[in-house]
Every structure is written in structure tokens, then in C-alpha cells.
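Asks: Sequence:
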Amino acid sequence: MRINAPISARTILLGSVAALAVAHPAMAQDTSAEVAEEATFEEPDFGTEIVVTATKRATTLQETPISVSVTSGETLENAQIRDVTDLQTVTPSLRVSTLQTSSASTFIIRGFGNGDNNFGIEPSVGVFIDGVFRSRSAAALSDLPNVQRIEVLNGPQSTLFGKNASAGVISVVTREPQFEFGGAIEAVYGNFNAVVLKGDITGPLTDSVAFSVDGSYNSRDGYATIVNLDEEQNNRDRWAARGQLLFDNGGAFRARAIVDYSKIDEICCQVTTIVAGPTAAAFGLLGAQISTDRFSYDAFLNQVPINKVENYGGSLQMDYEFGPISLTSITSYRELDNLFISDIDYSSLDVANETRNQSVESFTQEFRLTSDFDGPINFLLGGYYFDESIAQISQIENGTQIRDFFEILAGGNPADVIAGNPSVFNGVEAGLGLAQESIFLTPLLTAEQFSMDNTSYSVFGTVDFEVTDRLTITGGFNYTDDKKDFALAQQSFDPLGQVNLVDAFITLATAGGVTTRDQFQALPQANQDALLALATGPGNPFIALQGFQFQPPFLTIPNAVEDGKTRDDKFTYLARASFEISDEVNIYGSYATGFKASSVNLSRDSRPSNADYTAGLGGSLFGAPSSPILDAGLATANLSTGSRFAGPEEATVYEIGVKGQWEGFGFNLALFDQTIKGFQSLAFTGTGFALQNAGQQSVKGFEFDATIRPIDNLTFTFATTYLDPLFDDFPGSVLGDLSGVRPAGIPEFAISTSATYAHEFGSSGNMLVTRIDYSHESNTPINNGLPTFNAALGNTQIFNREVNLVNASTTFKLDNGLEIGAFARNLLNDQFITTVFDGVAQAGTVSGYPSAPRTYGGVVRFKF
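Position one of the sequence shown corresponds to residue 7 (my numbering), numbered consecutively onward.
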């Protein structure tokens, strides 16, 4: 919203934008309101108050008692930061990782975040663009040309946001239309034939209506190559457009309407083999290749990946002031379409390909009442409504060589397999009574249809009480009610997956005397035990084939036992005291709680809980004990247990902070102890994903940032985050009991520092702005082990990552608005593996995603 402040306050706002011209980590809160005016580059004036919309009201950074990192639009331009995935280089508390596709990114703050490889999992870090919640990261990844600033709020923010802020918030604020004609155009050319074009124009339509239009085009060749297909990978091919209208006649009412559209059509993502397991020999025998040099950026695939994302929508914000009370309404509707097709075995062999076609529709409505009384009490009261529908159609396609590959892994003679002679699976088909040449020869392995409807509402608010001119007490609350209804169905086509190999052996061993569970259960207990022991032991020639039953029949939900619903509600709150020791130093202390509702396992790995079903020895259905699913006649062959959904996350954080601001120097320090009960963990197991709640995960640490200006036009920034995380309670992880273990993937230290020098050429108005920044993540294990690879190793072989990135830019800014510059990201070409995972259906193989190489280029920009 726009704050219609007195003239003196508007003057402060003008100064604040200039002071944010370099990356300036600071203490602030929500920034959904905009500072309307735009300024050219100036160094921070430490005597000027920097204003943000704390608690969704305009306050100074000095007064705002919460930890947040602020990155200005000027810094985004100078450092060539194009979207939120690059933001982590200037924000040490934030980590962003892009994994399987262009749209699968995870945002992590203070070590807390959720994987976005499953659209049923809501993020713990909420992303808001101009006050509108983007429910999936794929909807927040487009290039944003007209960014005014981006703020990363650390810790739970439930008392100010209506949806998903249990770990933190990323708030992107773009520039609103202006009543003075102006704009900018920009062209970038860099290595890998990178071409970026951006432009915006704004001005008045009438005395009370202003418009703006902006757009961007981002294209780049891939820095990786699919060698056998002669195709580039990890390219850029995306564009975005946006239009805005602003009504503001200087009266009590104003409105801002935004419509936007963005599209991504890319080939992603480069995967390399970190450890080649026993299956690598099978690839070689069949003449296939896999990528084993992790930083050669060479890949071998049987199909070019497809990544297509369309993201579009609109919002309307209306503000009305009546006396000291302001009413704000933000209404939005958005749609997201996400399609990807990928080779999931990451080899040139035609084994299997996966397709996902996902769509998301969301509607949000927020109302806020904000006071601006002269007295000691002020308040904010808000209501939030969220309605979302998700649909997914997906499948795994059997490749033309999948049977040959698995024949060799099953012990088949390679010469017979290559020659096309009958081998292992032909014998299995004969033994189990299946049609010859049927195992792994169906066109599809699986097909799935998933859907979820989510509605939630929140009531939230804060009250500030100024006990004295220097002491303020704040209380806040949030009540959220969340409902999800979901339906999942799957068709499993492979005939081997339809057969329980333990029960099939029992049928054969009894010469057809036992063909049903009832017949088996009618036998004396001693006979049952003997048959199960024989069927699960080495005497059963089929038992070794269980590892090839990747996708057994699926139990559709909802069903008579599982209703396909989650119902959550929670009251969270905030208590805080802030004290102004002097005009230069403020301190604060706070206790806050946060909440995120249940997430749903919208995948083919969704399985009933062990409270609803228990399989018999070796997965036997014949030997399964009584359970709700079994008693209802719903049990299917090879049914196993897991999770349909993970319960809510509940966050608490204790935080104390100190902020100081003097001429030429400012610093901010926050110490915190943050805990999330029921953290929603998503782990890849080699053939699927396991979604479960960790009992409790906590992190202690501090965040410190400082800005120093030793001389005019030279500014240094330094920010560091220290994290000491712990799995306080996580006995049921896919790696076993992790209670008391440090969670991996969370660096102990993260550092971001920069130096910016603006050299002025006399009184000409021309200047040369040079910036260099460095970001570091200390050496840390990438994960706590891999469910398949480490199962036989006792988690003794862990892979580590250390990050050291240097970025630099220089821009010559002429007084006439023309700017010419050059930049480099990852200047020293630092290389590391971002994450690792079990090879898909390849026990003993470890795959990983290598970091991006050095990029550089030149830029020409003209502002008018």
C-alpha cells in the first residue's frame, strides 16, 4: 500500500531510496507497500532515516525490531541479479537450490525450507510479490525488470502474513507507475551467447491515472552439453511482461492494478555421476554412456529434457484513508502451468522417461486496517483468504532398452541379452504364468492423476503500545484455519509389479492349494510360519526380483478408510519489547510462534500409514495381519506403507537484537533460538520420495551485518550468519534415527560482503560505479546420507560442499541517462556440487548437480 504521509515524511522516503542504493542488510519487516519515488545512485547518507513499511506501516529501519536483509533495485542491476535464485549471494541467511527442473527450486532461511519437487508440499518460506503470495516457487522465478527492493525476513512471520511463513518470507516490491514520464531500456550480451533485453515505460494518462509497462527477454546457450544428442543443456529461454495502472488523485482513495505473464521454455538440468555403482557395468555392456566427470558439463541422455512454465495473473490493491485509519484490500488471481519431460536414468541408454503436467489456480483476498494515532497505541488488524486448486497428470514411460538393462542386472547373460535370446525374465514369466515378453515391455510403467483443493483463512494483527518515548511493547496474533481435499489415482502396467512374489511362491509350493489370504489364514499357524519362512528365504527363486517391482498397484485415495482430507487450525502469537537506548542505538527482544498447515504427498509414492495397513513378512498379503484397509477389502498386491501427508509445522523463535546507526557506520545484530516441531521432510529414496514429519528440528545462531563508509563514495558491507542446527527428535527418518544429529546441508557460517566505489568526474554529473562482492558458505556435508547408497555403508561416506563466489561489476553512468558497464558472476569459476541423490533404480550409484560456471558480459542501459 502507499502511505499518504505528511510532506516531511515524504522527504524522508525520498532519502531512503537513495540510501538503499547498495546492498544494505538491515532490520525491517514486511514491505508490501511501496515507496513511490525513484532515485539515482547515491551513497548512503547515514544521517538520513531509512524508511520501510514495518508491520505493514512506514517506520525507520532503526525502529523496526526484526531481522531482515534488504537488497535494492540498484544492487540488483549492478550485480546482474535477475531472480530470487541469485539473491543468496547477497543474503547469507537465504539459500536457494534448483534441482531436477527449471521450476524446482527450494527456498531455505536459517536452515529451514522444503523441497519443491512435489506440488503438494507448501513452502515453509513464503514468497510474496507486491503483497501477493506465490504458492509454488515456479511462480516466483521469472525475471522481474522493475524491482524496487527485495527483503528477506528471517523467522516466523505469521502475525503479518496470512499464509506459509513458518520459516521466513521473501518479499519482492516492484516500482509502481509514476506521474512523470520516464523509463529505461537495457541490453546485455555475455558468454554462452547470453542476450538479455529489458525495458519499461511509465507516465500519466490523466491527472489521476498513471501507467507502466515493462518486459524482459532472457536467452542464453546452455553451459552443459548432451554429447550423444548434440544438444545444449542448462540454457536460458524465458520472457516476461507486465502492465500496471495506478489511480491516485491525492485524495483518500488510491488503487493499483497489475497484470503479468511470464514463460520459461528451457532444457534443464545437468546431472553428473558422482559414484558409479554396479549398474554402470550394465550400461557399458549395452553400449551406453554416463557422465562421470562432475565438472566437464557433459551429459549423456536418450531424450532432450523439456521444461515449460507459464505463469500469469493479476492483482488489485485498493487503499482508503479515513482519518487516522487506513483500509487496504489486495485481491489476486493466478494460474501456473508446469510441464517437464526428463530422462530419469541420466544415461544414453533408453531406460525410462518421466512426464509431469501440473497446473495451479489460486485466488487470494487480504484486508487490513492500520492505525496512525498520535496516542500511545496503534494497531494492525487483517484478514486473509486463500483458495487453490492443483491438478497433475504424470507418467513413467518404459524405454526401448529397459528390459535389456534390467535383464543384465537380474543376472542374465549379456551375450544372450544383446542377441535378443530368451533370458531371465522369460523364465520368470513362465514360472509366474505371465505372457512371454511382457515384463518391462508395456509402453508405460505407470500413469497417475492427482488433484488437491486447498482453502484457508487467517485473522491476524498486532498492537503497539508506547510505554514511554523510548519503550514500545508489541503483541501480535494469527489464527489460521486450513482445509485440504485431495484425490490420487494410479495405474501400474508392468505385470511383474502386480504379483506378490512371496504369495506366488506359496501358491506354487502348495500346488495351487492356497490362492487367497483366507485360504492361507485357515491353515494352522505352524504351517503359515513354515510357508512364510520358506517363501522369504533363499529357497524362493523369485524373491530376488522384488527390487524390480518399482511401481506396484496403487491404493486410490479417497477410499473407505482414508478420506483424503486434512483439517488444521492454529493460533500463533508474538510478544516483543523494543527500547531506544539513544538516538543511535536500539535494542529489542521477542518471542514468536509460527505455523504451516499439513502438506500432501502428491506423488506415486503416496502410501497409507502403518496405522491403516501392515504387510506380512516379506510384504506378503497372505500373511498380513488384520488392519482397517485389509478388513475393508482394499489391500492390493505389494501394498506398502509410507505417508499420504505430513502434519503441520509449528515454529517458535526467541530473538534479541541490537541496532546502531552513526555517521558513516551502522550495524545490526540478531541472536536467535528457533525450533520447528514436525518439520516436513521430503527425501528422495532412489525410486520415490518419502514425506514425513521430523519430531523437532532446531537452530541457534546469530546474524550480523554492518555498513561502513570510510570516505565519500566508498561503501563496504559485511553480513554473516552463524547456524548451529540439530535434529532434536527424528527417530523415523529414511536414514534411521537421526535424533541428536546435526542436519546436513546447513553451513555453519555464511558470509556476504561487498565494496562499492562511485567515482565522480568533477561536476559533470558522470560517475563510474564499481562493485565487487564475495559470498561464502563454510564446508558442510551436503546431506546426512543417502537412503540407498549409504544403507550398506552405515552413512560413512558423506559428500561435502563449500562455496566461494566472487562477483564484480563496473558501470559508467552518464548524466544524460546512458549507462555502459561490464559484469562477471562467479569470477573465479568456483566449482562445487549443489546436492547429491541416489541414482534412479541404480543401487550404489550417486548422482549430483554441479554448480554453474563463470558468466560475464557487458551491459548498455538508458534511463529517461
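No lab work stands behind these hints, which were simulated from the structure alone.
Cβ atoms here follow ideal geometry from the backbone N, Cα and C, with glycine treated the same way.
Please note that the accuracy of each hint is not assured.
Claimed, not checked - Computed spacing ranges between beta-carbons, pair by pair:
id, residue 1, residue 2, range
1, V201, G249, 21 to 29 angstroms
2, L291, G433, 41 to 49 angstroms
3, T406, T298, 17 to 25 angstroms
4, A441, G249, 52 to 60 angstroms
5, I662, F301, 21 to 29 angstroms
Stated by the list, open to error - Quick list of in silico lysine-lysine cross-link-like pairs, DSS-like style, CA-CA up to 25 angstroms:
id, residue 1, residue 2
6, K706, K683
7, K576, K489
8, K706, K571
9, K489, K571
10, K489, K683
11, K314, K489
12, K269, K314
Asks: If a hint holds in the structure, say so; if it doesn't, say that too.
Replies: Evaluation of the provided hints:
1. Separation of V201 from G249 is about 23 angstroms and conforms to the stated range, judged on CB atoms against 21 to 29 angstroms.
2. Checked against the given bound of 41 to 49 angstroms, the beta carbons of L291 and G433, roughly 20 angstroms apart, lie outside it.
3. For the pair T406 and T298, the beta carbons lie near 24 angstroms from each other, so the given range of 17 to 25 angstroms is met.
4. At about 59 angstroms, the CB distance of A441 to G249 agrees with the hint of 52 to 60 angstroms.
5. The beta-carbon spacing between I662 and F301, approximately 43 angstroms, falls outside the hinted interval of 21 to 29 angstroms.
6. For the hint linking K706 to K683, the alpha-carbon distance of about 15 angstroms falls within 25 angstroms, and the restraint holds.
7. For the given pair, K576 sits about 12 angstroms from K489 by alpha-carbon distance, which is consistent with the 25 angstroms threshold.
8. Annotation: proposed proximity of K706 to K571 is violated, straight-line Cα distance about 35 angstroms (limit 25 angstroms).
9. For a cut-off of 25 angstroms, the pair hint linking K489 to K571 stands: about 7 angstroms separates their Cα positions.
10. For a cut-off of 25 angstroms, the pair hint linking K489 to K683 stands: about 20 angstroms separates their Cα positions.
11. Restraint check: the Cα-Cα separation between K314 and K489 comes to about 30 angstroms, which exceeds 25 angstroms; the hinted pair is violated.
12. For the suggested pair K269 and K314, the alpha carbons sit about 7 angstroms apart, so the restraint of at most 25 angstroms is met.
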